[in-house]
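> Letter by letter, the chains look like this.
Protein chains: 2
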Amino acid sequence: MTKKISIVGAGLVGSLLAIYLRKRGYEVTLYERRPDMRKVKIPAGRSINLALSDRGWKGLQGVGVDNAIREIGIAMTHRTMHSVDGKITTQPYGKDGQGIYAVSRGILNCTLLDIAEQSGAKVFFNERCTNINLANNEMSFENSETHSHTKATSDLIFGADGAFAASRLQMQLSTDKFNYSQSYLEHGYKELMFVAKPDGSHQLDKNSLHIWPRGGYMLIALPNLDGTFTVTMFFPLKGNPSFESLKPKLDVNKFFNEIFPDAVPLLHDLEEDFFMNPTGSLVTVKCTPWSFNNKIVLIGDAAHAIVPFYGQGMNCGFEDCTVLNDLLNKHKDNWEQVIPEYERMRKPAADAIGELAVANFIEMRDLVGKPEFFIAQKIEGWFYEKHPDKWIPLYTMVTFTNIPYNEAQEKGKMQDAIMNEIMQMSDIENKWNDIAVENKILTLLKQQSPNKNGL
Amino acid sequence: MTKKISIVGAGLVGSLLAIYLRKRGYEVTLYERRPDMRKVKIPAGRSINLALSDRGWKGLQGVGVDNAIREIGIAMTHRTMHSVDGKITTQPYGKDGQGIYAVSRGILNCTLLDIAEQSGAKVFFNERCTNINLANNEMSFENSETHSHTKATSDLIFGADGAFAASRLQMQLSTDKFNYSQSYLEHGYKELMFVAKPDGSHQLDKNSLHIWPRGGYMLIALPNLDGTFTVTMFFPLKGNPSFESLKPKLDVNKFFNEIFPDAVPLLHDLEEDFFMNPTGSLVTVKCTPWSFNNKIVLIGDAAHAIVPFYGQGMNCGFEDCTVLNDLLNKHKDNWEQVIPEYERMRKPAADAIGELAVANFIEMRDLVGKPEFFIAQKIEGWFYEKHPDKWIPLYTMVTFTNIPYNEAQEKGKMQDAIMNEIMQMSDIENKWNDIAVENKILTLLKQQSPNKNGL
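Those sequence lines, one after another, are chains A and B.
Numbered per numbering that gives the first Met the number 0, the first sequence spans residues 0 to 454.
Numbered per numbering that gives the first Met the number 0, the second sequence spans residues 0 to 454.
A few of these clues could be false.
As the list claims (entries may be wrong) - Straight-line C-alpha distance at most 35 Å; calculated DSBU-like pairs for lysine-lysine: (1) A/K237 to B/K285; (2) A/K237 to B/K176; (3) A/K410 to B/K285; (4) B/K294 to A/K189; (5) B/K150 to A/K176; (6) B/K237 to A/K410; (7) A/K248 to B/K410; (8) A/K189 to B/K176; (9) B/K176 to A/K176; (10) A/K412 to B/K410; (11) B/K294 to A/K237; (12) B/K176 to A/K369; (13) A/K189 to B/K285; (14) B/K346 to A/K346; (15) B/K237 to A/K346; (16) B/K176 to A/K57; (17) B/K246 to A/K176; (18) B/K246 to A/K410; (19) B/K294 to A/K285; (20) A/K176 to B/K346; (21) A/K346 to B/K285; (22) B/K285 to A/K294; (23) B/K294 to A/K176; (24) A/K329 to B/K412; (25) A/K176 to B/K189; (26) A/K248 to A/K121; (27) B/K237 to A/K412; (28) B/K237 to A/K2; (29) B/K329 to A/K176; (30) A/K3 to B/K237; (31) A/K246 to B/K176; (32) A/K246 to B/K410; (33) A/K285 to B/K410; (34) A/K439 to A/K389.
To be verified - Between beta-carbon pairs, the in silico distance windows are: (35) B/N130 to A/Q336: 53 to 59 Å; (36) B/D268 to A/Q336: 38 to 44 Å; (37) A/T129 to B/N252: 43 to 49 Å; (38) A/E409 to B/T174: 35 to 41 Å.
These are calculated hints, taken from the structure and not from any lab test.
Here a beta-carbon is modelled for each residue, glycine too, at the ideal position from N, C-alpha and C.
Work the whole structure out from these sequences, hints included.
See below:
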């Protein structure tokens, strides 16, 4: 019988999972490598705010914390693109005011930790997992303050310790036939900041996610409650221009004035932030299996770290929790059935969102700046409005539905192929909402469906 | 100045590399995790004999040990296929008696170790590398007999410690942006054996590599000097049939009698070997970068472990040594230039042979049993004979030339596309050597070359 469950990692997913498992009556202990973030300040330049969307909300809703979180979020209903010449374009994210929510990672995590503790989970901080003996589920920890070593065992261990998970490393080192890949983009990121107006309000529309797409790179900005924006620069690590090439301060100022002119007056202290904040790297992690002997299970980034360009990292991890909880209901807490099914369902979904996230980087930094993209989006939005049962834009499926990511990816490919044909139609930029376009899409959908859906 | 070089791993590649580096005057120390294989017996069921081909010979030739090795090898000039109904088909590997050489991994490794020591390299056995501090090139070892811990530093460290390299793990754990993947086939392998005739001769043609292709799986057999054959069964790990499903002894005998009937009378002790020998796994490892700060460099399987189906694992590792030595000549031992160029040249080559090796598994177990495959091979052989300047079969490029693997792979794809068109020609099975076929290939080659070769 599984009674005692340990979770390595008290980040967003570990904390939410603890709440779910406490609700089901398990003894839950969380071990976190870092100090208690409710008591210490998070280092600057590492905050990256998050965009909560439907899958994330569903995860929070399942334990009744969605309303508390909605109060600390800012709805972003639009994408706002800033071109070099100062031209501004906006696109709605969904229809009828659908939006994604900018939330602070820190506040969200602290809230979940509070609720986890209130619900009876024990949380130990500063405990770095140094080993997991997979033969007897014994975890070893080293306390980063006292340097004392402790051990603990559990009926079941969840590895929720993120992209560089110690739990996953043990699976790599101690199990046979563990498939694993970690793959880095050639871009890194740097956190910058837009200051608030003197009256504490935002200098740009706060209900937008702002993008400065520039082909090979981009800036994005997400609103914070205090009137500031967290700005993230996604930029090549090497080459020209790159984080490596922009060394002298003069170069950085010159570059920003040329490439992001309308952002410059809003920035906090470009030189300080650019040179003092760390350069982050962007990794995709895939592995399989996610579990060993039904006694240790990877979840969230530990199982499937993805790059941030679809805003789905946390949402996917929260959906892991929802799916797991649904399966525990279905199988009446029989973990021997739950774990294999969880893995069968979630592995293809996680692979899909990992790929979609990399692909969306190219779309965000590149395609959104291209006129064809806008036409295709207009056609898609218009057709979706008329035939919501026949076509849902990929972004909408990923962000505003719970359709498994892998199904969304498949449908997205099929829709892409159709849209490519539509864009070949003559004078499409003017005739984009012509009856001929509608009919052609309907015909192509009919042709596609027998193959693509295996009917 | 680089003077002291350490090599972690005294396997085939580590030992050969040591000889090359000693010839150039470096102080060379080898650290090997296992005991001295010249003094202890290698465990049964783990020998897998090797097939030396041109790239391997070139590596051995560069240090003058090719003739010594040729004496302990057996030339295999043909592939012999055994079908279920006992029918035997042979195909030459190359033309004019070109062959690959079956050699014993153990004897080869012992010979290279002897020569490395004679040339002045120091070799320490039973020394397991537990850590490499990349900041100061300090290696830590634990002796598996005395359990004593020692440390050593070096100007340059080579990680030649194989598919599960400790050196590579340090790169994964301690460097930023290390791209890494380990990916297992769903098949494993098991070593079996054919006994010799009472007079010590071989029961099957010894100048052949024997294959029992059966679609989803296969047996292969390579000759040994003592009249035996080392037999390897490549078989699914799970499913039906699989190593998992063939549990009772009766099942194994029944299965072999049905599926490999002509092999059964030749086998040593099927039940003992099947149940006592370990089931091996088949992994492909890719990573990049292969080096850190030009102070530690991965080589051989540590950089690029591949599956055995092209017989190129060792050959590729030996070619690493040849390429490195050529670059040391070119750049007059300036390692700062040599290491980046080595990596730029070898990484695409290693990726290519890794992919070709996986693809050849499907060919070996499947296509060789299909009649179209034989026709295509006949056409290819005939055309190659007439136009050796225009077409070289992929197998020949990989096995009997030093064309970089990635170029061979590219050319192979182009040739495959042409052969697919040729195979559509009417009555091709009878008209395979018609002038029309020759002309069509020539025409298609002319069409292909501007695109594919970037002319």
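> So, for every hint listed, does it hold in this structure?
Structure-based check of all given hints:
no., hint, in the structure
1, A/K237 to B/K285, "22 Å, holds"
2, A/K237 to B/K176, "12 Å, holds"
3, A/K410 to B/K285, "31 Å, holds"
4, B/K294 to A/K189, "29 Å, holds"
5, B/K150 to A/K176, "31 Å, holds"
6, B/K237 to A/K410, "32 Å, holds"
7, A/K248 to B/K410, "48 Å, violated"
8, A/K189 to B/K176, "16 Å, holds"
9, B/K176 to A/K176, "24 Å, holds"
10, A/K412 to B/K410, "30 Å, holds"
11, B/K294 to A/K237, "21 Å, holds"
12, B/K176 to A/K369, "31 Å, holds"
13, A/K189 to B/K285, "29 Å, holds"
14, B/K346 to A/K346, "29 Å, holds"
15, B/K237 to A/K346, "19 Å, holds"
16, B/K176 to A/K57, "33 Å, holds"
17, B/K246 to A/K176, "20 Å, holds"
18, B/K246 to A/K410, "43 Å, violated"
19, B/K294 to A/K285, "29 Å, holds"
20, A/K176 to B/K346, "24 Å, holds"
21, A/K346 to B/K285, "22 Å, holds"
22, B/K285 to A/K294, "29 Å, holds"
23, B/K294 to A/K176, "31 Å, holds"
24, A/K329 to B/K412, "49 Å, violated"
25, A/K176 to B/K189, "16 Å, holds"
26, A/K248 to A/K121, "48 Å, violated"
27, B/K237 to A/K412, "32 Å, holds"
28, B/K237 to A/K2, "31 Å, holds"
29, B/K329 to A/K176, "41 Å, violated"
30, A/K3 to B/K237, "31 Å, holds"
31, A/K246 to B/K176, "20 Å, holds"
32, A/K246 to B/K410, "43 Å, violated"
33, A/K285 to B/K410, "31 Å, holds"
34, A/K439 to A/K389, "13 Å, holds"
35, B/N130 to A/Q336: 53 to 59 Å, "41 Å, violated"
36, B/D268 to A/Q336: 38 to 44 Å, "41 Å, holds"
37, A/T129 to B/N252: 43 to 49 Å, "48 Å, holds"
38, A/E409 to B/T174: 35 to 41 Å, "36 Å, holds"
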